[in-house]
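**Q** Taking the hints into account, I'd like the entire structure generated from these sequences.
Protein chains in written order, with the numbering used here: chain R, 1 to 768; chain W, 1 to 138.
Treat the hints with care, as some may be off.
Said to hold, decoys possible - Here chain W is said to cover these stretches of chain R; the calculated rule only asks that three of the stretch's residues, wherever they fall, bring their Cβ under 8 Å from a Cβ of chain W:
1. 731-740
2. 744-757
As the list claims (entries may be wrong) - Derived pair list, reagent style DSBU-like, types lysine-lysine, alpha-carbon separation capped at 35 Å:
3. W:14 - R:762
4. W:11 - R:762
5. R:443 - R:427
6. W:11 - R:670
As the list claims (entries may be wrong) - Among chain R residues calculated to face chain W with C-beta under 7 Å, some are:
7. 647
8. 648
9. 651
10. 652
11. 655
12. 663
13. 666
14. 667
15. 727
16. 728
17. 761
If you are wondering where the hints come from, they were derived from the structure by calculation, not from laboratory data.
Note that beta-carbon positions come from the ideal geometry of N, C-alpha and C, so glycine has one too.
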Amino acid sequence: MQYILLLFLISSLAIFILPGWLKKQKALVLSAVQVVAFVYFAARIPEITTAEAKYIFLEWIPALGLNFEFLLDGLTMVFALLVTGIGALIFLYAKAYMKSYEGTDKFYLYLMLFSAAMLGLVLSANLIQLFIFWELTSFLSYFLISFFHEKESARKAAFQSLYITGFGGLAMLAGIILLGSVVDSYSLQDWINGAESIRQSNFYLPGLLLILLGVFTKSAQFPFHFWLPGAMQAPAPVSSYLHSATMVKAGVFLLARLSPVLGGTNEWIYIISLIGVITMLTGSYFAITQTDLKGILAYTTINALGVLVLLLGINTSESIKAAMLFLFIHAFYKATLFMVAGLIEKKTGTRELSKLGGLVKYMPFTFVIALLALLSMAGLPPLLGFLGKELIYEAKVQSPGIASLVLILGVTSNVFMVAVSLFFARKVFLGKPNTFGKTPNEKGAAFLIGPGILVLLSLVLGLFPGNLGTAVIKPALGVVSSEMIDVKLKLWHGFNQVLFLSLLTVFLGVVLYWAMLKKKKLLETWRKVNSVIFSIELDEVFAWVMNKFVQVAQFKTKIVQHGYHRYYILTIFVFTSLLLWFQVFVIRSWEFDLSFSLNPFYISGLAVVILGAAITSAVSRSRIVTIISMGVAGYGISLIFMYYSAIDLAITQILVETLTLVMFMAILQKLPRFAVLSSKRTRLRDFFIALSFGSVMTILAIKAVNVNLNPTISDFFVENSYNKAFGENVVNVILVDFRALDTLGEVTVLTIAATGVFLLLKTKNKKL
Amino acid sequence: MNSVILQLAAKYLKWLFIVFAVLALIRGHNSPGGGFIGGLMAGLAIVYNGFAYDTFRIKERLQNFPEWLIAGGLFVIVLSFFPSLLLGETIMSGVWLKISLPLVGELKLGSPLLFDIGVFFTVIGVTLMFIFSLTQKR
Chain R
1 MQYILLLFLI SSLAIFILPG WLKKQKALVL SAVQVVAFVY FAARIPEITT AEAKYIFLEW
61 IPALGLNFEF LLDGLTMVFA LLVTGIGALI FLYAKAYMKS YEGTDKFYLY LMLFSAAMLG
121 LVLSANLIQL FIFWELTSFL SYFLISFFHE KESARKAAFQ SLYITGFGGL AMLAGIILLG
181 SVVDSYSLQD WINGAESIRQ SNFYLPGLLL ILLGVFTKSA QFPFHFWLPG AMQAPAPVSS
241 YLHSATMVKA GVFLLARLSP VLGGTNEWIY IISLIGVITM LTGSYFAITQ TDLKGILAYT
301 TINALGVLVL LLGINTSESI KAAMLFLFIH AFYKATLFMV AGLIEKKTGT RELSKLGGLV
361 KYMPFTFVIA LLALLSMAGL PPLLGFLGKE LIYEAKVQSP GIASLVLILG VTSNVFMVAV
421 SLFFARKVFL GKPNTFGKTP NEKGAAFLIG PGILVLLSLV LGLFPGNLGT AVIKPALGVV
481 SSEMIDVKLK LWHGFNQVLF LSLLTVFLGV VLYWAMLKKK KLLETWRKVN SVIFSIELDE
541 VFAWVMNKFV QVAQFKTKIV QHGYHRYYIL TIFVFTSLLL WFQVFVIRSW EFDLSFSLNP
601 FYISGLAVVI LGAAITSAVS RSRIVTIISM GVAGYGISLI FMYYSAIDLA ITQILVETLT
661 LVMFMAILQK LPRFAVLSSK RTRLRDFFIA LSFGSVMTIL AIKAVNVNLN PTISDFFVEN
721 SYNKAFGENV VNVILVDFRA LDTLGEVTVL TIAATGVFLL LKTKNKKL
Chain W
1 MNSVILQLAA KYLKWLFIVF AVLALIRGHN SPGGGFIGGL MAGLAIVYNG FAYDTFRIKE
61 RLQNFPEWLI AGGLFVIVLS FFPSLLLGET IMSGVWLKIS LPLVGELKLG SPLLFDIGVF
121 FTVIGVTLMF IFSLTQKR
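**A** Laid out in structure tokens, this is it:
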């Protein structure tokens with residue numbers, strides 16, 4: 001299966017080098033690649049039903065515990081089939097949709113790369129690897145949302161989604177590392193084996209919360225849901241693929257994946273169910289008052305994601321079964337509806353509900369397809385959606401503890417969904433035809449093949465759901481709830497509580513629909529009420545937070561990066577000396593042996609000369625004198641080195657001292673005369689800083705004689721210098737052999753410094 | 001600066017400096033010296049020459065010489081990693097080749113020497129770059 005990923009990557013790049021005649025059909029080529037992958041996965045369905053997961057291990061950075069681990073089990077299969085299957089249809093649809101736009105190469109590149117990242121995500125059996133693919137999908141989603149980058153709203157929406165999902169992703173990484181530290185591994189298998197210890201560790205709750213932050217942002221859960229309607233700025237194929245069928249389900253996937261590890265606790269059940277219920281209600285409630293076709297679909301998607309998260313939160317095998325089935329159902333009808341919305345937008349030039357109407361006359365096939373998809377969304381028989389809704393009600397009835405509340409809210413939200421579905425169909429396709437700029441048509445088979453196939457699947461699988469249950473849902477269920485239960489799906493469940501709930505839902509939904517249609521004022525007032533109650537848009541809150549963030553950063557930068565070189569150096573000296581003083585006191589460094597000798601006399605004489613030179617350089621008012629006395633001090637020190645037979649050091653000191661002198665001389669010519677003398681206070685401050693730094697360095701130097709941290713190391717160098725490195729000069733051997741890496745670093749630093757000086761003076765020259 | 005004495009001295013002393021620098025580089029492994037010291041000496045030789053004549057003119061003549069020296073030096077350093085790498089040893093461990101020549105006697109050539117040569121050139125380049133940048137005309 002790693003080869004499938006590779007194939008995706010190669011084909012995404014290959015579209016740039018295709019020969020001309022094939023390049024025109026690049027969408028078809030990529031669609032074919034998706035089909036190949038789909039067939040590959042579908043052919044492996046029999047293997048996973050026997051509970052034997054296919055596992056591949058590839059070494060990556062074993063020293064860090066990072067490896068490529070791929071796993072193909074029941075859960076992965078559900079997502080892999082969705083990603084590749086719907087992917088194939090999306091590329092087909094995109095061929096027609098994207099025809100009139102510039103830069104389609106780029107578009108297909110991003111879309112194909114996304115598809116590879118998503119596939120990699122669901123195949124991952126290592127959590128760090130999963131995180132990487134997770135972030136890649138966010139990243140590619142950013143590029144796809146901002147495809148119409150000349151529009152400011154598209155750029156804004158893209159940034160918003162990137163910030164939110166990226167923030168969640170980082171939180172998730174922290175959570176993964178936290179929980180990974182408990183079992184000391186990031187491998188999924190180790191997590192499952194160590195599930196008990198993870199659940200009982202102190203890190204469980206913080207880790208869970210951090211991971212959930214990732215899940216909730218990615219899957220557009222309340223209060224992060226607002227990025228999804230914004231993301232509708234993307235072209236229709238993207239909305240259809242990323243923002244309804246696949247990417248936003250990544251959070252749901254991760255919940256299912258980690259359910260055997262983290263699931264089943266009270267924290268899991270209550271936090272996730274609560275967020276799921278709120279999201280479910282938010283989505284369906286706001287869907288009604290939307291005026292934009294894709295806006296309606298975005299909010300119904302939020303509703304569906306809420307349902308999925310709720311089901312995984314309830315965490316019974318009944319609810320997980322419903323969730324797995326609902327994944328298919330939702331992908332089928334929602335991808336269809338997004339494609340239909342894109343088609344309508346293309347042909348009529350608008351997505352506004354109020355400007356549409358009577359399209360059945362011009363687009364009969366589209367109408368049939370959309371109607372079936374909407375019925376599936378409303379959960380009416382004989383479509384797959386009905387089956388899903390029944391299962392969901394059943395799961396909610398049996399949910400532990402919170403059943404009645406969840407059930408009431410579930411019915412409420414489904415009533416909204418029924419009303420929205422009927423309203424959508426009525427408003428867009430029936431009623432009085434509006435006048436459009438040009439007569440809409442449904443030319444272009446590529447537009448309708450994808451939606452057609454998906455709706456057909458909804459219908460056929462709704463009537464004969466048996467195989468879907470045993471072949472795909474059952475193995476997935478086995479992975480998530482780790483028990484093998486027979487999944488028998490059928491359309492007719494008999495007269496029971498659940499059927500009654502369904503009937504009630506449909507009845508109330510139809511009533512609401514009539515009210516919306518007949519009482520025109522109802523929607524108006526509803527919108528007004530909404531704008532009063534929900535006057536704080538989360539969207540704006542987010543923008544406000546980001547704005548403040550930038551302001552704080554600017555403020556901080558102004559203080560820290562003031563641009564005065566003298567103050568940078570001052571800061572460095574003050575902090576370094578403070579840290580050193582602290583360390584000196586901590587290890588009681590003032591207790592040292594002062595028994596060094598000043599013999600022979602000329603060493604003492606040298607010391608006096610150096611001291612004199614240093615003082616002269618500090619008090620002199622002439623620059624030349626200052627520099628020359630500094631040179632005297634430097635040469636004096638090199639003489640001391642020489643006396644103690646550190647020849648190499650002495651030579652280097654002399655050369656560097658010479659070079660420094662030359663450099664100072666070169667600069668001196670260019671400096672202006674002393675203009676303003678520093679004030680007395682400034683000089684006093686500098687004096688104390690210099691005193692502090694100098695004395696701490698002196699103490700360290702004296703102390704260094706007494707502290708021998710590792711006595712063997714210098715002996716080692718002396719002993720092995722000739723034997724192992726064939727050199728008699730120990731200093732040189734250390735430089736070029738034992739510690740060659742350090743030398744390499746030093747030389748590189750020198751290079752960087754030289755480049756810096758060069759550039760600094762060069763740019764300055766240009767300005768002048 | 002325009003001193004005939006200095007210019008004439010620089011003309012010959014420059015080469016003396018460089019010869020000493022190379023000597024310091026080669027003998028560095030066993031006696032005081034080495035790439036860093038040699039590099040500084042050679043660099044100073046060129047700087048000295050520049051001061052005797054006109055730094056700016058020397059710089060014009062040398063073009064991008066310092067940049068090439070730095071790049072070449074770093075390249076040679078990287079080259080010196082390969083012998084140990086190819087022999088499957090830890091990177092940067094010294095690899096030695098013993099050759100006996102008729103007149104010179106036994107000669108030991110090792111990757112550390114190559115490393116030192118790289119340091120030598122880089123240091124020359126860095127020195128020149130510092131000085132040239134600081135002394136350019138405004």
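**Q** Give a verdict on every hint.
**A** A quick look at each hint next to the structure:
1. Against chain W, the segment 731-740 of chain R contributes 7 residues with a C-beta closer than 8 Å to a partner C-beta. That satisfies the three-residue criterion, and the hint holds.
2. Coverage of the segment 744-757 of chain R by chain W holds [criterion: at least 3 residues with CB-CB distance below 8 Å; count 9].
3. A hinted pair counts as satisfied when its Cα atoms are at most 35 Å apart, and residue 14 (chain W) with residue 762 (chain R) qualifies at roughly 28 Å.
4. Taken as a hint, the residue 11 (chain W) and residue 762 (chain R) pair is honoured in the structure, with Cα atoms around 30 Å apart against an allowance of 35 Å.
5. In summary, the hint linking residue 443 (chain R) to residue 427 (chain R) is supported, as the alpha carbons are separated by about 22 Å, within the 35 Å threshold.
6. Note on residue 11 (chain W) and residue 670 (chain R): the hinted pairing holds, with a Cα-Cα distance of about 27 Å set against a maximum of 35 Å.
7. Because the smallest distance between the Cβ of residue 647 (chain R) and any Cβ of chain W comes to about 4 Å, under 7 Å, the interface hint for this residue holds.
8. Contact between residue 648 (chain R) and chain W, as hinted, is supported at the beta carbon level, the nearest pair being about 5 Å apart and thus within 7 Å.
9. The interface hint given for residue 651 (chain R) holds, since its Cβ lies 5 Å from the closest Cβ of chain W, which is under the 7 Å cut-off.
10. A distance limit of 7 Å between C-beta atoms decides the matter here; for residue 652 (chain R) the minimum to chain W is near 6 Å, and the interface restraint holds.
11. Restraint check, residue 655 (chain R) versus chain W: the minimum CB separation of about 4 Å is within 7 Å; hint holds.
12. Given hint, residue 663 (chain R) at the interface with chain W, holds; its Cβ is 6 Å from that chain's nearest Cβ, closer than 7 Å.
13. Given the 7 Å rule on beta carbons, the hint for residue 666 (chain R) holds: about 4 Å separates it from the nearest Cβ of chain W.
14. At about 6 Å, the closest approach between the beta carbon of residue 667 (chain R) and any beta carbon in chain W falls short of 7 Å, and the interface hint on this residue holds.
15. Against a cut-off of 7 Å between C-beta atoms, the interface hint on residue 727 (chain R) holds, since the closest Cβ of chain W lies about 4 Å away.
16. Here the hint on residue 728 (chain R) is kept, as its CB sits about 4 Å from the closest CB of chain W, short of 7 Å.
17. At about 5 Å, the closest approach between the beta carbon of residue 761 (chain R) and any beta carbon in chain W falls short of 7 Å, and the interface hint on this residue holds.
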